[in-house]
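Q: Here is how the chains run, residue by residue.
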Amino acid sequence: MADSQLRRTLLFVPGNMPSMLQNVPLFKCDSVIIDLEDAVNHAEKDAARNLVRRFLESWKERDKEVLVRINPLYTKWGRDDLKAILPQMPDAIRFPMCETAEMALELDAELGKYESANGLEAGHFGILPSIETVKSVLNAYAIATSTKRIFGLAFGAEDYTASMGIARTNAGEDLIHPRMMVVMAAKAAGLQAIDSIFSDINDMEALRKETELVKRLGYTGKCLVNPRQIDIIHEVFAPKQEEIDYAQEVVEAIKQAQEMGTGVISLRGKMVDAPIVKRAIGTLRIAYAQGLVDTPVDEEILNG
Amino acid sequence: MAKNSLGREIPETFNGKSYIPYTDPHSIKPETFHFQRASRVLKRNYSGAGKVVGSLREAIVASGLKDGMTISTHHHLRNGDRLLNDLVKEIDALGLRDIKIASSSVHIVHAELIPYIRKGVITALECGVNGPIGEQISRGELECPIVVRSHGGRARSVISGEVPIDVAFLAAPYCDEYGNFNGFYGPSACGSLGYALVDAQYARKVVAVTDNLVPFPALPISVAQNIVDIVATVDSLGDPKKIVSSTTKLTKDPMGLQIAKYAATVIDASGYLKNGFSFQTGTGGISLAVAGHVRDMMRARKIKGSFGCGGITGFFVDMLDEGLFEGLFDVQCFDLKAVESIGRNRKHQEMSAGLYANPFNMGAVVNRLDCAILSATEIDVNFNVNVNTESSGLLLHNTGGHCDVANGAKVSIIVCPSIRGRLPMVRDEVTTITTPGETVGVVVTERGIAVNDHLPALKAELIRRRVPVKDIRQLRDEIYAVTGAPKPVEFTDKVVGLIEYLDGTIIDTVRTIRD
Chain D
-15 MADSQLRRTL
-5 LFVPGNMPSM
5 LQNVPLFKCD
15 SVIIDLEDAV
25 NHAEKDAARN
35 LVRRFLESWK
45 ERDKEVLVRI
55 NPLYTKWGRD
65 DLKAILPQMP
75 DAIRFPMCET
85 AEMALELDAE
95 LGKYESANGL
105 EAGHFGILPS
115 IETVKSVLNA
125 YAIATSTKRI
135 FGLAFGAEDY
145 TASMGIARTN
155 AGEDLIHPRM
165 MVVMAAKAAG
175 LQAIDSIFSD
185 INDMEALRKE
195 TELVKRLGYT
205 GKCLVNPRQI
215 DIIHEVFAPK
225 QEEIDYAQEV
235 VEAIKQAQEM
245 GTGVISLRGK
255 MVDAPIVKRA
265 IGTLRIAYAQ
275 GLVDTPVDEE
285 ILNG
Chain H
1457 MAKNSLGREI
1467 PETFNGKSYI
1477 PYTDPHSIKP
1487 ETFHFQRASR
1497 VLKRNYSGAG
1507 KVVGSLREAI
1517 VASGLKDGMT
1527 ISTHHHLRNG
1537 DRLLNDLVKE
1547 IDALGLRDIK
1557 IASSSVHIVH
1567 AELIPYIRKG
1577 VITALECGVN
1587 GPIGEQISRG
1597 ELECPIVVRS
1607 HGGRARSVIS
1617 GEVPIDVAFL
1627 AAPYCDEYGN
1637 FNGFYGPSAC
1647 GSLGYALVDA
1657 QYARKVVAVT
1667 DNLVPFPALP
1677 ISVAQNIVDI
1687 VATVDSLGDP
1697 KKIVSSTTKL
1707 TKDPMGLQIA
1717 KYAATVIDAS
1727 GYLKNGFSFQ
1737 TGTGGISLAV
1747 AGHVRDMMRA
1757 RKIKGSFGCG
1767 GITGFFVDML
1777 DEGLFEGLFD
1787 VQCFDLKAVE
1797 SIGRNRKHQE
1807 MSAGLYANPF
1817 NMGAVVNRLD
1827 CAILSATEID
1837 VNFNVNVNTE
1847 SSGLLLHNTG
1857 GHCDVANGAK
1867 VSIIVCPSIR
1877 GRLPMVRDEV
1887 TTITTPGETV
1897 GVVVTERGIA
1907 VNDHLPALKA
1917 ELIRRRVPVK
1927 DIRQLRDEIY
1937 AVTGAPKPVE
1947 FTDKVVGLIE
1957 YLDGTIIDTV
1967 RTIRD
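Protein chains in written order, with this note's numbering: chain D, -15 to 288; chain H, 1457 to 1971.
Certain hints may be false.
[Unchecked claim] Mimicking SDA-like on lysine to any residue, the simulated pairs with C-alpha atoms at most 20 Å apart in a straight line are:
id : chain 1 : residue 1 : chain 2 : residue 2
1  : D       : Lys239    : D       : Arg212
2  : H       : Lys1926   : D       : Asn7
3  : H       : Lys1473   : H       : Glu1599
4  : H       : Lys1915   : D       : Leu276
5  : H       : Lys1705   : D       : Arg212
For the record, the hints were derived by calculation from the structure and aren't laboratory data.
Please read all numbers here as calculations on a predicted model, not as lab measurements.
Construct all of the structure, not just a fragment, from the sequences and the given hints.
A: Here is the structure:
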């Protein structure tokens, strides 16, 4: 499910904190991940599940993608989480500790069952698996290609370093290899690659550096734990003015080409074809979200 | 009772004086009141001898203070002020009664005055109050008629003689024996003496009260010897560390930061953020975060502003030192960094409350403001703002310069969380109107931005920038959807206070709450 949804920022919100949940509609992130897993201690699992269900029930006009991080299906809470949450129609499930393709398929089957029982289109619910152990890093491509519901791979550095028996640093050189593995698996499967949270919420410079690094590696978004981090991540993922200018030229050129009845045209002496147009549209979509251009890009031209 | 133009019932007389109901922000003129200018008897002092007396009590006696008279103090030491409390104790000890207080403000620390109000030593407050005195008055537990005035309105009432001050007791942190003083130096340094400058000029008797008598001449001079009658020495004027009025750190609350970001966008979209920009903001985490954005934009675009204004914080001092403003107009220092700066930098200009915001002169500094950030305890769907009472109906806050700045600035921006506790902050009606909606430009909450009709170009630009511009009624509805509609506080018919607009008309009243 290689979709074109903009996912620069995926904000975790603890499912047991009414004050934070109440503000979910106001955060300017692209996606929100309401957490029933790590943020909620064992004694509060039931209460948090009810709170999240009621919150989603009351949030009618959703302006951003909604994911819920359920507990793994091998815990005693995972299936109850699904039962409570799916009727509230989240867009996707953030699936923690997904170490194998089989685990992804198990969730796929659960979602499929609910969809067919409730007359929903098959594949309605997406899955964003967490690649957060050594084993899951090694199985990343198999997981990525296991079901069409998966639209991206989300690298999870905290659990990964724990599973390696190492400490996470702000510099992050310890994470280069798994990060590369995950982004390569995602790209090979035609999916989005989403980076881990950066947990030091007071070190905005280190956050910026890390985001710049993962952008260079090919990641298109990042999870985060504090809304104060949103702006910096958006700034890093914002295209430069010359990139926007070029993207606008590409779009103009391809429009002309289509009027002339061809799918290919040359611009600045180089051939403009579908992949270049696709990238230009991606650039303009982010530029629009960032307020850098005034009008949304007409994505129809891709289908020219 | 008569209704003012905002629909509020205003009594014709209050505490024996008659008042005019509020009509609109600009049309009232000095002639409306038949006041000219406070008169002060001409005096001659041919002696070069010092004017020092050794105690407050001697100063009170020497000043000729009598039953029924009006005194004033300034509030530059804010919650660290000791003078007003000590003064009233001495006045009581001398057996004086029926004294009216026309200080520039009264703070929580002055709750010590409550027993003296009960005893009849103090019988009226010709100034707004912060804290327990107002609370007890609005509960009907304390009898003391109160007229709440803005900084500009107070300056007007003193200068015009509407509130004649018989004796001004002015804390003088750096003072010589002949009466020259400033607030810049000494153990009780509070910086600008902006409010006191008016009293020094227009009170019938002026007493400089100091804990720091320095050799003649005390330079530079803020208040000069030729208008000071008596110098009184005391052990201590108070604790200047307590002048810090609220937080001096930028907020870290994500919703507060969102509000600040929207407010900064409003300033940017206003078109005034260019060379010559002038700006006022207060203390508090959100206001400082807005100032942070403004500073960053000015740095990035190499903008040199004209002036920063108001109560001055260390944040503004840094902007001045960095060259982002030509100067600062300082009516009061909000922290010790500002105090330190005003004593060393001639571009950090001390400003009297009259120069700051008196509407009845040839032009106050607020008239030159481009953008100002203001707060609110409540806002209504007509953009009227309350800063005096809270949703409980209790009178807890003084006006400060709120309505003055809104009246003067080209774009006045109210920053306020949409919900406090469980209460909606944008509502059908505010409990008390401090500042009329006609003078409010923009209301910024984390849920959206409402732009008043008199700024259509700004509204269009904000829509173009795709920030969440909403009709103020839509904003109210969205907030009510979370909080529910608030039940109005029930009041009795007993008017215990007036909220005066800066021009002297009455914009609202304070009534006792019904339990």
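Q: Against each hint, give a clear statement of whether it holds in the structure.
A: Now for the hints, and whether the structure bears them out:
1. D:Lys239 to D:Arg212: violated, 39 Å
2. H:Lys1926 to D:Asn7: holds, 18 Å
3. H:Lys1473 to H:Glu1599: Holds: Lys1473 (chain H) and Glu1599 (chain H) sit about 17 Å apart, inside 20 Å.
4. H:Lys1915 to D:Leu276: holds, 19 Å
5. H:Lys1705 to D:Arg212: At roughly 16 Å apart (the allowed maximum being 20 Å), Arg212 (chain D) and Lys1705 (chain H) satisfy the hint.
This entry does not satisfy hint 1, going by the numbered hints stated previously; all others are met.
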